[in-house]
Amino acid sequence: MVARAERLCRDRDLQFTRLRRDVLETVAAQTRPMGAYDIAERLSAQGRRVAAVSVYRALDFLGEHGLVHRIASRNAFVSCGHEHGESAKLVFLICRTCGAIDETTAPAVETALDRTLVQAGFKPSGRILEVEGECGACQERTAA
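Heads up: the sequence shown is residues 1 to 144, going by my numbering.
Source of the hints: derived by calculation from the structure; they are not laboratory data. Fair warning: this is a prediction, and the values are worked out from it, not measured in the lab. All residues carry an ideal CB built from backbone N, CA and C; glycine is no exception. Treat the hints with care, since some could be wrong.
The calculated label-pair distances, taken between Cβ atoms and stated as ranges, are [to be verified]: (1) LYS89 with GLY47: 35 to 43 Å; (2) ARG141 with GLU103: 20 to 28 Å; (3) ARG10 with THR97: 34 to 42 Å; (4) GLU103 with GLY47: 15 to 23 Å.
Produce the entire structure from the sequences given, and follow the hints as far as they go.
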């Protein structure tokens, strides 16, 4: 994850600051989404004071470059290890039982949604698709 971020920043002539690295490492180490205040608290516990506003700035940078995604329904962030384009239309699968989040694409859903938006004469400024339910692992545990 960090190596990908370093490469991306080097290729685009961007600064990958210590705080950006620390925020990315903290989010990537989790299996569940993290909010900015949780990240700030975790980083501050390591001996230096980190303000939530600084974490938000780092998250904005990381999000702009596809290294983290914001989960709107949780107001929290997950790391992204996938190499997809910035225009990729993602669907986030959120498990209500364990809190895990997976990302995928759903071209058929996107095509249908695009048609619906055109028919409605609606031009979206952004699109975040989140689907809540139960992941396969939790379903297996429940069935056992």
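Each hint, compared with the structure:
no. : hint                           : in the structure
1   : LYS89 with GLY47: 35 to 43 Å   : holds, 41 Å
2   : ARG141 with GLU103: 20 to 28 Å : holds, 22 Å
3   : ARG10 with THR97: 34 to 42 Å   : holds, 40 Å
4   : GLU103 with GLY47: 15 to 23 Å  : violated, 33 Å
Hint 4 alone, counting from the list given before, is not met by this structure.
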